[in-house]
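Number of protein chains: 2
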Amino acid sequence: MGGYMNRILRVNLSTREYSVEPIAEALIKNFIGGRGLGAKMLYDDLSAGVDPLSPENEIIFVAGPLAGTAAQSFGRWSIFFKSPLTGGYFQSTGGGFFASEMKFAGYDAIVVTGKADKPVYLWINEEKVEFRDASYLWGFTNEETHVLIREELNDPFVRIASIGPAGENLVRFAGVFSDRHAAGRGGGGAVMGSKNLKAIAIRGRKTVPIAMPEAFQEAIKFEIATYRAHPAFESFSRTGTQIAEFTNLLGMFPTRNFREGVLPNWEAIQGSEFDKLRVRKTGCHNCVIHCVNISKAYHGPFKGAWSEGPEYETIWAFTGPIVVSEPGLTIAADRLCDELGLDTISTGQAIGFAYELFEKGLITTQDTGGLELRYGDFKPVLQLIRQIAYKEQLGALLSEGVREAARRIGRGAEHYAIHVKGLELPAYDPRGAKAHGLNLLTANIGADHNYGYSGQEIFGAPIPKEVDRFEVQGKGELAKFNQDMVAFLETGIMCTFPASMMMVNEEVYSKLIYAATGVEEFKDPAYMWIVGERIYNLERMFNVREGFGKKDDVMPQRIVTEPMPDGPSKGQVFEQDELLRQYYAARGWDLETGIPTLEKLRELGLAQR
Amino acid sequence: MGGYMNRILRVNLSTREYSVEPIAEALIKNFIGGRGLGAKMLYDDLSAGVDPLSPENEIIFVAGPLAGTAAQSFGRWSIFFKSPLTGGYFQSTGGGFFASEMKFAGYDAIVVTGKADKPVYLWINEEKVEFRDASYLWGFTNEETHVLIREELNDPFVRIASIGPAGENLVRFAGVFSDRHAAGRGGGGAVMGSKNLKAIAIRGRKTVPIAMPEAFQEAIKFEIATYRAHPAFESFSRTGTQIAEFTNLLGMFPTRNFREGVLPNWEAIQGSEFDKLRVRKTGCHNCVIHCVNISKAYHGPFKGAWSEGPEYETIWAFTGPIVVSEPGLTIAADRLCDELGLDTISTGQAIGFAYELFEKGLITTQDTGGLELRYGDFKPVLQLIRQIAYKEQLGALLSEGVREAARRIGRGAEHYAIHVKGLELPAYDPRGAKAHGLNLLTANIGADHNYGYSGQEIFGAPIPKEVDRFEVQGKGELAKFNQDMVAFLETGIMCTFPASMMMVNEEVYSKLIYAATGVEEFKDPAYMWIVGERIYNLERMFNVREGFGKKDDVMPQRIVTEPMPDGPSKGQVFEQDELLRQYYAARGWDLETGIPTLEKLRELGLAQR
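First to last, the protein sequences are chains D and X.
If you're matching positions, the first sequence starts at 17 in my numbering and goes up one per residue.
If you're matching positions, the second sequence starts at 17 in my numbering and goes up one per residue.
Errors might be hidden in some of the hints.
When chains are identical, the list treats them as one kind, so a pair holds in a single copy or across two.
Computed cross-link-like contacts, PhoX-like style, restricted to lysine-lysine with a CA-CA straight-line distance of at most 25 angstroms [what the hints assert, rightly or not]: (1) 134 x 319; (2) 144 x 297; (3) 134 x 292; (4) 395 x 292; (5) 567 x 586; (6) 616 x 144; (7) 319 x 407; (8) 297 x 134; (9) 237 x 222; (10) 319 x 566; (11) 395 x 407; (12) 45 x 616; (13) 376 x 395; (14) 616 x 566; (15) 586 x 131; (16) 586 x 395; (17) 539 x 45; (18) 134 x 144; (19) 376 x 407; (20) 297 x 237.
Calculated directly from the structure, the hints in this document are not laboratory data.
Can you build the whole structure from these sequences, using the hints too?
Below, the structure written as structure tokens:
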């Protein structure tokens, strides 16, 4: 069987023991791998009620069956864990080269449990696994950590996934970082921090076996041809995810903590402006799109700042929430979050939340350590980021995420906490795109845009058909379509960017995964949809086991009750009840509870018979 | 002929042209290579009166004939240039792996002249030389620059020598940095900055030819055996240059801007304290000593700070001058200087100078940007370092070096400017060791300790014989002995640390250089001394051509007229006139002018007949 190394490394930090096991054949048939593998293992390994920051939680690093192969856009690694931010199932995904190196070292997954008695990092050199002292690395930024570990191991080709000070300090939206790419969302960095695990360093020289090499080459040609035929390929490749003009022109660029949908002077942060700040293009392992930029502020108040990025979400995170349109700030904040180890989306949104609380008088300079938080003023932002990473002053509160911060502040602060299931909303106002909003409402990890990106509504992608973004009717089906597609593509693990742009489909993916693995079931493109839906329902059941249900599929009140005040989405609200009803119906879930019916679970092979 | 690649790369940044030429055979016979090669080329290439920061100045990177070979402690690269700090001849030397990589790429020397019209870096991949855009790197720190260049070139084995913001900003004591090792002194970084040259990146796969491989192996065994037989080898290897206890116990640890010789609470910065802060040992290419430490402040006010180092000079630079004994500060300041691209010795000494001016009321908070400079208070130090690198507030003055800063301040500030020939004094009070002081007074680059380190006085080394450190008689001869020995060892280019500790001698070196090169003249150990003296006099003549003479061999007044107030060197002054007379006599220089006599020059083959 190609594609897989067929080896899962299980590491217990408490006992400093490790073992290797194969992947169950039935698991591969039913879940393919990647996201399917991670979701199934997390579901099976954890019991309900585990404290996310306890030694009993797991963090599972997964490389998909197509990672490390010549297939395009599969250089992604995902981490799976119970989230300290949402309290539920979580998957977070990063790019770069870590996934490929895992395969080259001979592993499809690395499962880490327990807690080390002092800071360690794992050094995985194919068969050799070492628990190495990381006391000296504790407190260091991600880039410093990567440089020093490579030097210590005397091998510049080692790939490293690490946490920064934010993860060490258990910030609930601290991420995990590799090659300046982040698996940013949901607090995987805090889970590593709680285990005293500073980093995983990995190196390998194996090759990934391919079941049918000639067919695989053909499938890759087909994939690349599909990419190139897509109208968005060229601009996406050239500029990356610079789509602030799209969302501003749709009036759904969240501004002033989701009170407005158009950023004043948004032209200053559109793609053509970032074109001027591009240092060079980079990309992940084996991806012709190479959408990544390294950017530098050549002029202005942040002159000299640089980062790998910023991508659209980060550009938004440090503009819209605080009503600022300064590209240099987005670059400086991006770099600072990468170095300290923070998710930019939650960080930016937490700061926007603080700005609104300050405006409303719910917090004062006594809480902020003297900082005045006024919309339009970017001066406090870098200081607030540091406060969050080090849990100082207001940062100590914000580091819990907006949901918990609002709960602790009380006095109505909850009204300004813009999240679903505890995960801060990203750069799309749900009022401007109903299927996209429905995905944010129902994604198993909370308000995540990539979980079921509505390229139909944002980019006008005509697959499966053209839609009206404000229309409610049919959006339950569409959200399910987008979510299930991402779920099966992430068995690869394919990048969600080409998926969001509808640059690939089940046919492309089926050809690739079948040729690589030789698993007969994967030959049928229609089977991909079944696997996608199966994974989606399994994840939902993880959350159901934790007590989640319809009560957690709840938008922030503002999105549901306040019509968009102005701009191209003026007058729109998010019709939560009707949209959710349609969605549950499309999913075959109980309309009252939002729980998958036994019938649906049986259909997907998820129920014990 | 082994040892040499016999190729000098000449690069003109103005025309973006380059050429390769062999080394003249006579040059090798007379000057061996390394320091001899650099000194001779700089002497021949430059005319008197060249502005150090003009395109006409050169910066010559030299790797010695033993760099890149298996001989020990020859992984050093030197840069040669006319100094913007002293106005005279300058050589500055760094460690790491850059020298070896130069050889592997096929070059003994890289001569850079002219000025690029915009920031560039040189990319030297054996025969291929590229002038690459460095606009995006301008403003970046050294470590950032190294990381980004390696990524741009997609080769993690590339070695890089670069400048930080201080070099770009033409700070007159900005250094050049590679592998976190500095060629720190004299302003080579400013020379690169004046040429718009951000970095040289180099990569090679050649091997260094060896004339007599078996004899060379024997010579290396002899060298290593000599090392190991030396009483200092083990402790030097274990702790590095942690000698603050030596100099404090000798009462010559310059404190309070050279007013005192013992630091209060110096026990806090002795080697055993830094042992506790060691993260790991590192070293340069092919050196069994591996004296280098990476250190981290695990506790205290600078918790989390780390650096490669700090070495003795840096430990002193951020303790003695400001009367502070906080190891964390030395680590944080070391790292900041490395990153911004500053020489730690001149930086620390400039800060100590500022503290004394503040005490005396010659500068106020109006000059310092509000900082209060009080002995014993370390809080302003990191801010002052940044001010120097970016030429802000008081830093703009200090960035010119203490000599020029004092001149501009006037009102008697010159009295507090502790330098010789414009180069700030290092961590040895000349009153406590007369031959060591005599070397500081007469070294061709200004007050440099490594130019002729008096291991006899500091460590009690009995070679050529035991001496009394306070004794004046015989110290002219001893200073010459130490200077000439370093000069011939640096034709290797051997590290000055084993030289300072008297761990090697002409016999060891002669065996190595003869076996490597096969040049008959090098077989005779006595010939090494001739070459050393020849180089020393040639360097002196460079300065004579620039107008230097006895008038420039002048100690700061304080050292000559104020007896050491307390401690183990109490009552001592530096007997400048008598010591200098002895030295000139030993050198065969004119006693009135300090200029080498024609007779001496003829004897050394330096006079046109």
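Structure-inconsistent hints, enumerated in ascending order:
Per hint list: 5, 6, 10, 15, 16 violated.
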